[in-house]
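K.L.:
With the working numbering applied, the sequence shown covers 1439 to 1545.
Some hints here could point you the wrong way.
[Stated by the list, open to error] Only pairs whose alpha carbons sit at most 25 Å apart, straight line, appear in this in silico DSS-like list of lysine-lysine: (1) Lys-1522 / Lys-1451; (2) Lys-1449 / Lys-1522; (3) Lys-1476 / Lys-1449; (4) Lys-1453 / Lys-1500; (5) Lys-1466 / Lys-1451; (6) Lys-1476 / Lys-1466; (7) Lys-1449 / Lys-1466; (8) Lys-1522 / Lys-1453; (9) Lys-1500 / Lys-1449; (10) Lys-1453 / Lys-1476; (11) Lys-1476 / Lys-1451; (12) Lys-1500 / Lys-1476; (13) Lys-1500 / Lys-1451; (14) Lys-1522 / Lys-1500; (15) Lys-1453 / Lys-1466.
Hints were generated in silico from the structure; no laboratory data involved.
Here the structure is a predicted model, which means the values were calculated and not measured.
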Amino acid sequence: MMNAIGIDVSKGKSKVAIIRPFGEVIAKPFDVLHHPDKLGDLAGYINSLEGESRVVLEHTGKYSEPVANFLHNEGIFVCVVNAKLVHDYGGDTIRRIKTDTTKLKPC
1439 MMNAIGIDVS KGKSKVAIIR PFGEVIAKPF DVLHHPDKLG DLAGYINSLE GESRVVLEHT
1499 GKYSEPVANF LHNEGIFVCV VNAKLVHDYG GDTIRRIKTD TTKLKPC
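Required output: the full structure, derived from the provided sequences and hints.
P.N.:
Structure (structure tokens):
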């Protein structure tokens, strides 16, 4: 059984939601303050869930790194993702579309 834990990190707190395959909601979105005791409570909750748990959070630099490091140090799998790559998922590219009007001349 897999637990997918999504964390939306912002300044001072994070919003956490947990689901399992086929959309089974384990925990509706809830807030966690970025204090060691509160992150410890979150890590304990994640570790108490039945099955394997994977945490995914968006890279937000100085806000996401302490959260990711804390959970990782508690033995939790953490994946920090680039928001652009997530947004463009399925587009098969991370490149921007050329927008100038230069036309190629035939050879």
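K.L.:
For which of the previously enumerated hints does the structure constitute a violation, in increasing order of number?
P.N.:
Violated hints: none; all satisfied.
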